[in-house]
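K.L.:
Chains as they are written, first to last, in our numbering: chain A, 1 to 379; chain B, 1 to 178.
Just so you know, the hints here were simulated from the structure itself, not pulled from any lab data. Backbone N, C-alpha and C define an ideal beta-carbon position, used for all residues, glycine too. Mixed in with the good hints, there may be bad ones.
Which residues of chain A face chain B? A few of them, derived with a C-beta cut under 10 Å, are [what the hints assert, rightly or not]:
hint : residue
1    : M290
2    : A314
3    : K339
Pairs of lysine to aspartate or glutamate residues, derived as DMTMM-like cross-links and limited to a Cα-Cα distance of at most 25 Å, are as follows [to be verified]:
hint : chain 1 : residue 1 : chain 2 : residue 2
4    : B       : K63       : A       : D261
5    : A       : K209      : A       : D195
6    : A       : K308      : B       : E40
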Amino acid sequence: MATDTEVDLTPRLKTDEMLINMGPQHPATHGVLRLILTLDGEIVRHTEPILGHLHRAQEWQGQNRTWFQYQALIDRVDYLSGMFTSWAMARAAEVVDGCEVPERAEYLRVMVSEMNRITSHLLWLGTYLIDLGAMFGFPFYPFREREKLLELFEEIAGQRMMFNYIRIGGVMRNPKDAWLSKLKKFTEEFPDRVDEYEAIVTENPIFLKRTKGIGILRKELGMDYGITGPSIRASGVNIDLRRTKPYSVYPKLKFDVPVNDRDGDTFDRYIFRIREMRQSNEIIKQCLDMLPQGEISGKKQIAGLRVKAGEGFAAVESPRGTLGCYIISNGSDRAYRIKWRNPSFCNLSILPELLKNHPIADVMAIFGSIDVILPDVDR
Amino acid sequence: MSETPAAKPPEEPKGPGLCGQFLKDHGIATNRLPDSCGVETIEIDGAHLEAAMKLLRGSSEIKLDYLVAVSGVDSADTFDSVYQLWSYTNNNELIIKVRVKKTDVVEGQLPLVPSLSRFWSAANWHERETYDLVGIRYYGHPYLRRILNVWDWDGHPLRRDYKQLVDSLNDKAPGSFR
Numbered sequence: 001m002a003t004d005t006e007v008d009l010t011p012r013l014k015t016d017e018m019l020i021n022m023g024p025q026h027p028a029t030h031g032v033l034r035l036i037l038t039l040d041g042e043i044v045r046h047t048e049p050i051l052g053h054l055h056r057a058q059e060w061q062g063q064n065r066t067w068f069q070y071q072a073l074i075d076r077v078d079y080l081s082g083m084f085t086s087w088a089m090a091r092a093a094e095v096v097d098g099c100e101v102p103e104r105a106e107y108l109r110v111m112v113s114e115m116n117r118i119t120s121h122l123l124w125l126g127t128y129l130i131d132l133g134a135m136f137g138f139p140f141y142p143f144r145e146r147e148k149l150l151e152l153f154e155e156i157a158g159q160r161m162m163f164n165y166i167r168i169g170g171v172m173r174n175p176k177d178a179w180l181s182k183l184k185k186f187t188e189e190f191p192d193r194v195d196e197y198e199a200i201v202t203e204n205p206i207f208l209k210r211t212k213g214i215g216i217l218r219k220e221l222g223m224d225y226g227i228t229g230p231s232i233r234a235s236g237v238n239i240d241l242r243r244t245k246p247y248s249v250y251p252k253l254k255f256d257v258p259v260n261d262r263d264g265d266t267f268d269r270y271i272f273r274i275r276e277m278r279q280s281n282e283i284i285k286q287c288l289d290m291l292p293q294g295e296i297s298g299k300k301q302i303a304g305l306r307v308k309a310g311e312g313f314a315a316v317e318s319p320r321g322t323l324g325c326y327i328i329s330n331g332s333d334r335a336y337r338i339k340w341r342n343p344s345f346c347n348l349s350i351l352p353e354l355l356k357n358h359p360i361a362d363v364m365a366i367f368g369s370i371d372v373i374l375p376d377v378d379r
Numbered sequence: 001m002s003e004t005p006a007a008k009p010p011e012e013p014k015g016p017g018l019c020g021q022f023l024k025d026h027g028i029a030t031n032r033l034p035d036s037c038g039v040e041t042i043e044i045d046g047a048h049l050e051a052a053m054k055l056l057r058g059s060s061e062i063k064l065d066y067l068v069a070v071s072g073v074d075s076a077d078t079f080d081s082v083y084q085l086w087s088y089t090n091n092n093e094l095i096i097k098v099r100v101k102k103t104d105v106v107e108g109q110l111p112l113v114p115s116l117s118r119f120w121s122a123a124n125w126h127e128r129e130t131y132d133l134v135g136i137r138y139y140g141h142p143y144l145r146r147i148l149n150v151w152d153w154d155g156h157p158l159r160r161d162y163k164q165l166v167d168s169l170n171d172k173a174p175g176s177f178r
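Just chain A, same shape as in the assembly (with noise of 0.2 Å):
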């Protein structure tokens, strides 16, 4: 006969699933976010984002807007990563009316948008962290650097943030040379910095006991997803658009795309947007000192701006994946569609897949480990 301490009482209390709204007011949720999560006690059985509470509509007006109005607007598509946004499209119109862009242009590209690279990253890495309860003041140190970028980028476009710097056919404004050292001076003191930050947080305990083992992202459920951007790389998948499918002068640059040998959980992600971070700060010393002089537009940035009559899809790899823009053009000033694929979109679909059976206490842990940033998923 069972003593009282060996009876099993579980399957006499029963128990039922519970549904809780979380957001879309949420802090973590980098926007707003609303999930309906299906629990069972603590454990997350069924995930629902709601999106669209920040849609503005981007494509409809890139039809009713001229190409000249529209280049301003799309910098709001994502607006932690503005550059690569106007890139995008940028690239989508130049391969539809087949205008070239100047040699000096293509490296202000690729410098402009290196640096908002890392801003974007820092910003993450110090959200992130407030995300997983580190409230202790640890988001100012990527946030001193972050500042340092955001001032060249307001000396050079005019916005912290709303560059409206990359244009049609080249880029809107020539740097100075005080801009340029300036720059320079960052890139040397930026490595010690990203040191700086690994000190605090890749070994810390409570960070690895937070991230190591959770949410852990399948290669093959990834794909299927098609998710693209760190978040793949971390589980094993070698695509980066500025390698497998290279633009610009891409090819001219040495840099490395660091990508993970198994399945990536969510410290993985975190470290290698970390690798990410250095790469780019490796790619803007080399432009800096590859900087040819010359034009830096190839098309006149008058307000009648037109594009031939076409159609294409142009993509780069934004901080967050494959940011990619499908232009149709009926060669007026306008676009006849315009159709946005953004990362964070894709990327967030696979949120319900990755917080199946963790504990509510991890959601925003996964959550932010994927870097979704609303604005571009809503657009």
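Chain B: place on chain A using the hints.
P.N.:
Here is chain B on its own, set in the frame of chain A:
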């Protein structure tokens, strides 16, 4: 915004490209369209779409296993569902278009295109978005619901004939969608 894309200059007839030939070998007829910026573009009948996608994704030589985007286009006399296919392992690229003639669409109903989301998870949200914005109904989709607009939005904003009710966002307006 009633103007349509300018007529393309007539181009010389050419044989099927790499992927078109591959599909032809497996008994699926395709119609080659003018390349869009150097990328092979084919038109395919909706009924064969899923079989063709399975072949293209599964074959070891083509291996188009990366569905980049699904776009809907309201063209002059057709509704197009455009699929951008890339590969994670090689450099192949393909654009597939499924066209539904506007004259074939039953009055008051949406154009029908088969859904890919049953065997390709990436297609799920792209098709929901295209349904929401362009109004193409993907049959066989497990959860075809508006994704960017609110659930009770009226109409499909990227249609050429879409008219937004004036002041439709104002709750007090009589024509408000709420």
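K.L.:
Which constraints among the numbered hints does this structure fail? Numbers only, ascending.
P.N.:
1
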